[in-house]
Each structure stands twice: as C-alpha cells, then as structure tokens.
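2 protein chains.
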Amino acid sequence: MSEKALQYIRDNRDRLLEKLNDFLSIPSVSTDRKHKADVSNAADFVVTYLNDIGFENVEKQETNGHPLVYGEYNGAGPDAPTVLFYGHYDVQPADPIDLWDSDPFMPEVRNGRLFARGSSDDKGQVFMHLAVFEAYMKTEGNIPINVKVCIEGEEEIGSENLYDILHEKKEQFQADFAVISDSGMAAKNQPTILYGLKGFTGIEITVTGPDHDLHSGMYGGAVRNPIVALSHILASMKDENEVVTVDGFYEDVEPLNDEERKLMEQAPGEDFLETTGISETVSEKGYTAKEHTMGRPTFEINGIYGGYQGEGTKTIIPSSATAKITCRLVPGQDPTKIQQLLEMHVNKVAPSGVTVEVKKEKLSAKAYKVEPTHPLIKKAAISYTKAFGKETVYLRMGGSIPVVEWIEAIYDMPIVLLGFGTPDDRLHSPNESFPLDSFDKGMETLVYYWDEIKK
Amino acid sequence: MSEKALQYIRDNRDRLLEKLNDFLSIPSVSTDRKHKADVSNAADFVVTYLNDIGFENVEKQETNGHPLVYGEYNGAGPDAPTVLFYGHYDVQPADPIDLWDSDPFMPEVRNGRLFARGSSDDKGQVFMHLAVFEAYMKTEGNIPINVKVCIEGEEEIGSENLYDILHEKKEQFQADFAVISDSGMAAKNQPTILYGLKGFTGIEITVTGPDHDLHSGMYGGAVRNPIVALSHILASMKDENEVVTVDGFYEDVEPLNDEERKLMEQAPGEDFLETTGISETVSEKGYTAKEHTMGRPTFEINGIYGGYQGEGTKTIIPSSATAKITCRLVPGQDPTKIQQLLEMHVNKVAPSGVTVEVKKEKLSAKAYKVEPTHPLIKKAAISYTKAFGKETVYLRMGGSIPVVEWIEAIYDMPIVLLGFGTPDDRLHSPNESFPLDSFDKGMETLVYYWDEIKK
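Chains as they are written, first to last, in UniProt numbering: chain A, 1 to 455; chain B, 1 to 455.
Rather than coming from a laboratory, the hints here were simulated on the basis of the structure.
One should not assume that every hint holds.
You can't tell identical chains apart in this list, so a pair holds if it fits in one copy or across any two.
Unchecked claim - Dumping the calculated SDA-like pairs for lysine to any residue here, alpha-carbon to alpha-carbon at most 25 angstroms: (1) Lys359 <-> Gln309; (2) Lys455 <-> Thr48; (3) Lys314 <-> Val358; (4) Lys386 <-> Ala37.
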C-alpha cells in the first residue's frame, strides 16, 4: 500500500521542496514582536495545508501569545489507532545575520543541504509529515491511521502557553500515542531511535554571613567566610570520581542493564575532546562517558558568584555567596524527592556562623523513557531501516524536551521521537541547514511507519 | 620643659581649632579631578604652616599626581635623634552628601566632636603635630628633636607615587625612627599602642574546562565541571575549624606567647556580633576571635565567579571559574613563600580534566611588628598615660598600612604608630568626626613624647 505514496513523494519531490521553501521563507521568529504577523502567516500556511489535504476541524487556536494550529484526520475509522503529532512552526532569530552565507529566509541548496532558518528545527520536519499525509491522501484517498495535529508557534520561547492548553484541551488532543519529529539522528543517514530523555531539577544555594562586606583585616579570624562555607558545601555534594555524595541520590535509579550499556557503547557519538576542547573526559566511577551522559544522573553547578569580581584585589569578607545547581535525572528518580535530598544534605553540612538558604527550582520534570522493545518503537526502527538501508541505533540522551515530559505527564501515552536532523544542522546558529537525504529518506520513513502502525 | 608648650596649647586652643577648621574647609579630595586645585591648596596650607613655625628646606614636591610636602627641623642639633613624621592631607570624597548632618567642608562641633571630612583621617591628626611643633617653637624657641616631615596628598588613592619617592629620596628622608598618626585607639580616651600590623599576599585561581559553555544535557557526565573542581580546591585550603590546610602555611609563624595572648584578651574590642550581624564568631581552633584577628594569619576568599549569574536557571557546564584569595600574614611569614605554598597546594589537589592557573598578587607585604618593650614604644605609652590619665593598652591589628610596610622595608627603622582616632569616627563615611578630647589630649601626648624622646 505504501508503494504509491512513496512514488508520489518521488514524483513530486521538486514541487514539495519548493513548497517547503515557501514555508521557510516566512520569518516566523516567535521571540521578536516585529515578526508577529509573520508568525501568524506561518500558522496560516499549516492551516491551509491541512485543509488542502482534507483534514477536518482545522483551527488556528489563539493563545495569549502565538496561535496553535490544530487539525484532525478521522478517515482511518474507529478501529485504527490515533496519533497525536506535535511540532512547531516558529523559529529562532537569525542573528547574527552577517555570519550567514545566504539569506536565512531565502532557502538555498548547497552541497546536498537546504540552508534556511527552520530547515531542521522544526519547519522542515513538520513539513515532511504534512507532505506524507498529502501523499497518502492523493494516492490512496486515505491515511492508514487517524491523526491529531498540534503545531505550536512558541516552542523557541519556552512553549509559554502550551502547558495550559494541553491541560485544557485534554479531550480534544487525547490519542493512542504521540509522534514528535523535533530531534536528530546520531549521524547523517544513521537511523536513530531516541528512546530516553533525562528529567530535570535544581536548587540554588545562598550562604549569608555578615550583613555587609567586611574589611578582611579587621574581621578576618572572627567571621565565617560565606564563600569558604559555600565551597565546603559544594565540595561535599560530588566527589572527584564524579559520584554524587548526597544521601539517597541514586536510591531510585533504574540500573542500566547489560543490553542498554551495549547499546550505548555502540551508539555513534561525537568526539567530546574535539568539540569541547577538554583534555580528557571524566565520568562517574564505573561508567563510561557515554553511559554517564546517556543513562546516569548528573549534578552540575551552573553558576557561582559572591564578593568581589573586578580587576585586582579587594580585601573583603563578602556578605554572601550563591551557587546554582541543576541535576539531570534518569528513570526512577523523582525530581521533588531529589530536591528534598539536596536540601537536607545542604542543611546537614552547613557550617556554623552563616545562614544557608536553599531555593528550589520550580520547573522540574521526570525522565522520559520508552522501552526499545515497545511495538511502536520496533516499528519505527523497521521503518527507518527500510528507508535508510541501515540498522537503526538506539540512543538515550542527556537532554530534556519539556513538551515530551508534559505529554507523558498529562496524557500518559507512549511517545515516539522520530527525528531526522543531524549533528551538523547548526540549530539556533547561523547557516542552519538540513540534509536533502534526510528530507527524502525521512519522508520515506514516515510512509513506512504509518503503514507499519496500521498492520 | 614641656610645661610651657602644654600651657601654650591650652592658651591657644580656640585659635588652633579655628586654624584646623581652615585646613578642613579645603575640599582636598584626591580622587576627584575637579578638586585638583583644592588638593594643591591643602598642600600650600602645610607648606605655609611649616615655614611659619621655622622649618627649613620646606618644599612642595611635585609628583605625577598630587604634590608631597617636605620640611625639616634641624635645630635639635646633631646629637639629638631625628624623626620622620608621615601623614596625608588628602581626604576621601564626601559622597553621599545627603547623609551628612552638616556640610563636610564646614567644620562644626556637636556633642564634643568636630564634624568634618578629614577631621580624623588624617588632616586633624597631621594638624596636631604641626600645632605641637609650633607650641615648642613659640615657647622654647626649639623642638626637642630633629624632624623630617613628609605629608602626602595621595593616600586615599593608594599612595600611587609615594613608593617610588621613598626610594628616590632615601637620603633626604632617612631618620632614626618614624612616627605616623593615621590610626586610632581601642576606644575613646583609651591610650593604645598599635604595635603590630599584618602582612598581606594573595593569589587568584582560575579553573578552565571546556573552551565554551556546554549544554549540561549533552555533556553532563563526560566533562569535569570547573566550578565543582574549584570548590574542591578551595574546600581543601581551609577547614571547618578555620585552620589553613596548606602545607607549611604556619611553618614560620612566630607563636603568640602568653604575655601577648593576655594583652589581646584584655584589649578593648568591638562587639563583632553587633557590628557585623553574624550569629556567632568563628576562629582558628585553639585561638579566640581576638587572638586570631590580631595575631594569627588569615585566609579569605574575597570573591568568586563562574557560569550563569542571572535570574532563574541556565543549564550549562561553564567554561571556567575564578576565585580571589588573600591572606593576612603575621611576623615570621614571608609573602613570597606563602604564595608559593598556596600555588603548590592548588597544583597538587587540582583534579584531572581541567587546567588550573594561579595568578600571584603583586602587592605583597610582610607583617609589621615592634616589640612592646622597645624604648620608643615604652616612651609612647608613658606619654599617652600622662596625657589621658589612663593605662596604655597594646594592640596588634589584623589590617595592613602599606606605607608602614614600605618605610620599614626601605628604611629599616622602627616605626611608632601614635593614633588618636576612635572607633566612632566614621572614616570614609558620612559624618566623619574627631573627639575634641582626642584633639586636646593627643596634642598633650605629643608634647610629652618629644620631651621623653629627648631624655
């Protein structure tokens, strides 16, 4: 059944690419007030496309910010599964414009790549889904599954209104599973299943001593130095083996099994030394850097400040010092419990003579993970391999995608991340691009996938 | 012989106070370009005064900044000792002006105190010396000792040119001992000998990891966090008992003997809790807060920074982190050796995966100490007690006065600190004032002192 749709994509490839270029030419920069009309125009593009294909109940839902586009296809009938497809049509600003080799909003193909802001993140990948729906409709007159489309316009500014909308429209958006194509593959033409993302939480520690900065000559020897105190607290939280030394931190961690560790070791990854300039990697004792980044929780101090930061010397005992800490969590760990453990630890080790305040980060999230053996995942791997002609690799990533956590928390349904970007796409940077290979084979993957799902 | 001079001071008290007011009315703010002419006028005031008294070789020595006033009295003859008297005629800015209860440059007496910028620091105390020289000259026709006067106009901006001048004019300025009146007493009307000041040195530690800030999700677990590494380094340098844990740090420290510890405990001091707002004092294990501030070396982190310091959260592994450290040193300790020990320690404990750079502070100084039993000190104590009618207390202070270290290092002569300020003088702050008691009894002390020295 998929053959006709595949053929349609091949036959219409130039026209589809041109149509994508129209989409990419709209500077839908959500963070910039000047582009408010452009953002709205990009929403209209999606609305028109969905209507043209034959979707129902297509709406441009207004929010407090930029609109969200919704549409449904119910033609597969009540017995077929329904997928919620999420994506975003807004883009990052193009600045610094000077560093672009071609206009960010005049798409240009060079060296097998399509250069334009949004080509990879996420307009290009959203468009591929729409084109595949079109292919099915034009050739078969139907799509193998029911679809609910949710394409927002505020992803690049933190999805400010989406969280509330997902709650409010729960009935409307509910589906059997969700598909998101806003991520990448381990390497170009390397089919990749991203089956895990980390959760996230954080605290801020402020140590306060004297009520004003003190002369170190007059008071040094009588007053606890808040920076020294903070150093002791921080040093007690992670040791030189990169092991977090906070009681209970690892208690609920789902251990990595041998299968997963093998997957992680086999996964293609970047050369950390080359991309970061460090002299050697370090990772939790007993785990490789790959295992730690992908599958073990992390503890990072993201920022620290206190006292004098200018040129030269100022001989003070500062009044206070602050450190910002975030942790990436793995399946099993509860962000609220982790925050409590961190706070208890800080209070336990806090020295006398200073007051220590712990502020808890509001935005916390559990880790996301779907079993690599889940049928929805197996089918994705099969589809990838058919399209790219290569074995699919399985990755867990150290990052977090808020919308994934939200959909999982609110809808309690499996989420499949079907990403086609590559590490060289330069998301958020000048000269963003997307490989035409990913465009072509990605659409093929989607054709196979809906076909597999239907089976 | 001192009786006549004492009587002269009493008889001329109102006129002298009026003359001091003329001196204080000149806004000789050295840091403010707008006051350049005023600073020069204040120098002229000193020049005129010295000439009027009958000093020889009086000069206004131009420097790259503000002038230095020099003058000599050689009338005591070649067998009498020569004192180098140092002081400064420049003052701190008066800002914030609104917080003054009277014009900072229109001296006003309230509640037994003379309110004016510079009344205590240091014009008032310089004037007292000049008035005492006048008293001797007008009554006896001579001063009991030979005098070299060095009054600079850049103390409040770091004595930028003085260090070079002290080297260049070594022959001209050489004396048997030096007297400086730019400090205070432990309490009002409490004769105090400041017989020790701490030395000073410092280092700056910068830990560098990746060559740019990294996404904590992508790299957390593979890259050493520079702030975590810095925390470990810092925490290893001073423990919770306020003991510096750097090998050799205490090696050359002259131990405090029982006599000194008794002096320190008896010395009146401020209420640390009240003036700093801390809940309890902390000090080196085995020493009281007074002993530590006055007589034991200190280690302070004056500032720290690295990574994200803004509102909320930024999930990065920062590229680098920096801490500024200074130590106050006691007699026996060599600043250069201490810097080396600190550097060796840092290099020893530096973890892998980051580079650690230690920058050494250029301005280092040994501690200053004169034996309380030194004849010049004994005589000072006797003079204080005669004037104030109270036993003299002996203090070592945690602070450093650069010019004291310089004179000691360049001229190798004893230095006597004859201070008459009080803890309530509000130096550098609005409503600076000087007790009239200190003015009257301080001049008496000086009359007695030159008389004692002559004996």
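Status of the hints after comparison with the structure:
1. Lys359 <-> Gln309: Classified as both; 23 angstroms inside a copy, 15 angstroms across copies.
2. Lys455 <-> Thr48: neither (30 angstroms within a copy, 107 angstroms between copies)
3. Lys314 <-> Val358: Intra 28 angstroms, inter 17 angstroms, cutoff 25 angstroms: inter-copy only.
4. Lys386 <-> Ala37: The answer is neither: 41 angstroms in one copy and 87 angstroms across copies each exceed 25 angstroms.
Hint compliance for this structure: hints 2, 4 are broken, all remaining hints hold.
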